[in-house]
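The residues making up each chain are set out below.
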Amino acid sequence: MDAIDTYTQLPLSIDPATKAISTSDPSLTPEIDELNKMNRAFLALDTPNQIPPPPAPVNPKRSVQITKLKDSGNASYKKGQYGDALKMYDLAIRMASDRPTWEASGLVREELSTLYGNRAQTLMAQQAWAEAAVDAETAVEMKKVGNVKAWWRRGQCLREMGRLEEAAEWVKIGLEFERAGPDKGSVGELETLARELGKALDKS
Amino acid sequence: MDNNSTFNSSSNSTNGTSDGFQFNAAPKPFWTNLLLPIIYLTILIGSLYTFSHVYRQRKITKAARLENWFPPHRQRDIYLSLLHIDPQEASEGGEKKLSKVPDSVLKAALLRRAVEDIQRIVVLRSSKPALQTLLQRGSVGDELWQRFLRAEKEMEEEVKDVVNEANAFSPNWGQTIFQSANEINQNRLIKERIAELQSQIESEKAWWDKKRAGISSDFMKELEEESTASKAVEAAIAASKKNGSSDDDTVIVESGGQTSAQGAAKKNKAKK
Numbered sequence: 001m002d003a004i005d006t007y008t009q010l011p012l013s014i015d016p017a018t019k020a021i022s023t024s025d026p027s028l029t030p031e032i033d034e035l036n037k038m039n040r041a042f043l044a045l046d047t048p049n050q051i052p053p054p055p056a057p058v059n060p061k062r063s064v065q066i067t068k069l070k071d072s073g074n075a076s077y078k079k080g081q082y083g084d085a086l087k088m089y090d091l092a093i094r095m096a097s098d099r100p101t102w103e104a105s106g107l108v109r110e111e112l113s114t115l116y117g118n119r120a121q122t123l124m125a126q127q128a129w130a131e132a133a134v135d136a137e138t139a140v141e142m143k144k145v146g147n148v149k150a151w152w153r154r155g156q157c158l159r160e161m162g163r164l165e166e167a168a169e170w171v172k173i174g175l176e177f178e179r180a181g182p183d184k185g186s187v188g189e190l191e192t193l194a195r196e197l198g199k200a201l202d203k204s
Numbered sequence: 001m002d003n004n005s006t007f008n009s010s011s012n013s014t015n016g017t018s019d020g021f022q023f024n025a026a027p028k029p030f031w032t033n034l035l036l037p038i039i040y041l042t043i044l045i046g047s048l049y050t051f052s053h054v055y056r057q058r059k060i061t062k063a064a065r066l067e068n069w070f071p072p073h074r075q076r077d078i079y080l081s082l083l084h085i086d087p088q089e090a091s092e093g094g095e096k097k098l099s100k101v102p103d104s105v106l107k108a109a110l111l112r113r114a115v116e117d118i119q120r121i122v123v124l125r126s127s128k129p130a131l132q133t134l135l136q137r138g139s140v141g142d143e144l145w146q147r148f149l150r151a152e153k154e155m156e157e158e159v160k161d162v163v164n165e166a167n168a169f170s171p172n173w174g175q176t177i178f179q180s181a182n183e184i185n186q187n188r189l190i191k192e193r194i195a196e197l198q199s200q201i202e203s204e205k206a207w208w209d210k211k212r213a214g215i216s217s218d219f220m221k222e223l224e225e226e227s228t229a230s231k232a233v234e235a236a237i238a239a240s241k242k243n244g245s246s247d248d249d250t251v252i253v254e255s256g257g258q259t260s261a262q263g264a265a266k267k268n269k270a271k272k
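Quick note, the sequences are listed as chains H and X, same order. The opening position of the first sequence corresponds to residue 1 in UniProt numbering, with each subsequent residue numbered one higher. The opening position of the second sequence corresponds to residue 1 in UniProt numbering, with each subsequent residue numbered one higher.
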């Protein structure tokens, strides 16, 4: 077990002003970049001893800001100002993805799922089916169960683009997930969409 | 005489030998008897020990020669290199020299190391049941299993080491460092997946634009065809009204094209 006691000394150097690490070995560069990024995140911490806090209770400041952006996006959407709504959602998405990486990933999933779902809805209102379909897929990917709306949105987008078979397949998978999930009551519209797709496929 | 002498000598010799035996055996009957078993035991134990020693040595060298399960642990190397680096040499070209590597850098390096450990643990855990099944069926050799066990043991040591190091930086960090590392890993997976999905936007959009253009041009064509067809039909109707003969009808219809021919034929039938 000599691997425990030995290590390879790597050619590293420190910039005394910025404290950034650099290396003369090009294969190490990506890892060193990650290290420097994390170092900067550490320096921004205000916890005692400057160590990252446990993931469970997150700093509420960012969550509040994200919620605010989302709400103003929703308000713009309701007023029909889709461009503004998109901008708000974009900002909120960027904010949610920029969380310190050691914060709870479950929360990040939840937030991003809602935001991508809302952006998909706004894009659908603008009839940008292709973008909306991708956004809805992202929303589903973040949260597969209890996300009926996002499943429905992608199904609808695929249908609008004439990809009926794909849409039927997608809705079928969605139904499988949602029927077992907590949102059993609201699968109605997904079932309606599945029926309509079935009819459309029979016709063609 | 001869006989006598031989008898004598033989008797003498027997006497002599018996005498000699008694003479030899008399002073040390106990120790000589013990010497043999002791020699026997020494040789036996010695050979067993040598055998086991050689065997174990071979096994260890064989295990050491086995390929590692994982590639070299870059993050661990970086962390330890930073610990052992001489900061005054390493800080290049600045006017003020660093007296030591800053703690934040070391902590960041340690957390990076923990993240890599988490990834390795995930790999080990997910491959263990499959490997066990394969081993039971005899699909993979024992060597692979040995390599796996060694990797597992090394990971255990590695985790303990990281926890100790973390506690040295700040009390109780050892309890949360792997939680943080796990979230970092999860977040990385999420971001990779999102980037992968969102990168489809361009191609999807291009595909849809093309398709939409195709659909609308098809639609326009259909519209045009319909209008020409209806014109042809009108012309046919007009001609048939004028002439009242079906022969002329067909001539005009043929010039109108395929779709209009059908339409006109239907109209004609309906009229008749």
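Hint data in this document are derived by calculation from the structure and do not stem from the laboratory. Hints are supplied without guarantee of correctness; some may be wrong.
[Unchecked claim] Cβ-to-Cβ under 8 Å is the rule here; a few derived chain H residues that face chain X:
id, residue
1, Tyr77
2, Glu103
3, Ile173
4, Phe177
[To be verified] List of simulated lysine-lysine pairs, DSSO-like, C-alpha gap at most 30 Å:
id, chain 1, residue 1, chain 2, residue 2
5, X, Lys231, H, Lys172
6, H, Lys87, X, Lys191
7, H, Lys149, H, Lys68
8, X, Lys210, H, Lys203
[Unchecked claim] Chain H regions said to be covered by chain X (calculated; three or more residues, Cβ under 8 Å):
id, stretch
9, 28-35
10, 62-75
11, 134-141
12, 185-195
Backbone N, C-alpha and C define an ideal beta-carbon position, used for all residues, glycine too.
Evaluated hints:
1. The criterion of a C-beta within 8 Å of any C-beta in chain X is not met by H/Tyr77, whose closest approach is roughly 20 Å, and the hint is violated.
2. The interface hint given for H/Glu103 holds, since its Cβ lies 6 Å from the closest Cβ of chain X, which is under the 8 Å cut-off.
3. Annotation: H/Ile173 was flagged as interfacial toward chain X, and the flag is violated, the nearest CB pair being 16 Å apart, outside 8 Å.
4. Interface restraint check: H/Phe177 against chain X, minimum CB-CB distance 17 Å, threshold 8 Å, status violated.
5. Using a Cα cut-off of 30 Å, the hinted pair X/Lys231 and H/Lys172 is violated, with the two alpha carbons roughly 47 Å apart.
6. Taken as a hint, the H/Lys87 and X/Lys191 pair is honoured in the structure, with Cα atoms around 20 Å apart against an allowance of 30 Å.
7. As the CA atoms of H/Lys149 and H/Lys68 are separated by approximately 22 Å, the hinted pair is consistent with the 30 Å bound.
8. For the given pair, X/Lys210 sits about 25 Å from H/Lys203 by alpha-carbon distance, which is consistent with the 30 Å threshold.
9. Only residues whose beta carbon comes within less than 8 Å of a beta carbon in chain X count, and the stretch 28-35 of chain H has 5; three or more means the coverage holds.
10. Only residues whose beta carbon comes within less than 8 Å of a beta carbon in chain X count, and the stretch 62-75 of chain H has 0; fewer than three means the coverage is violated.
11. Only when three residues or more bring their CB closer than 8 Å to a CB of chain X does the claim for the stretch 134-141 of chain H stand; here the count is 4, and the claim holds.
12. Against chain X, the stretch 185-195 of chain H contributes 0 residues with a C-beta closer than 8 Å to a partner C-beta. That does not satisfy the three-residue criterion, and the hint is violated.
The structure fails hints 1, 3, 4, 5, 10 and 12 (numbered hints given earlier, in ascending order).
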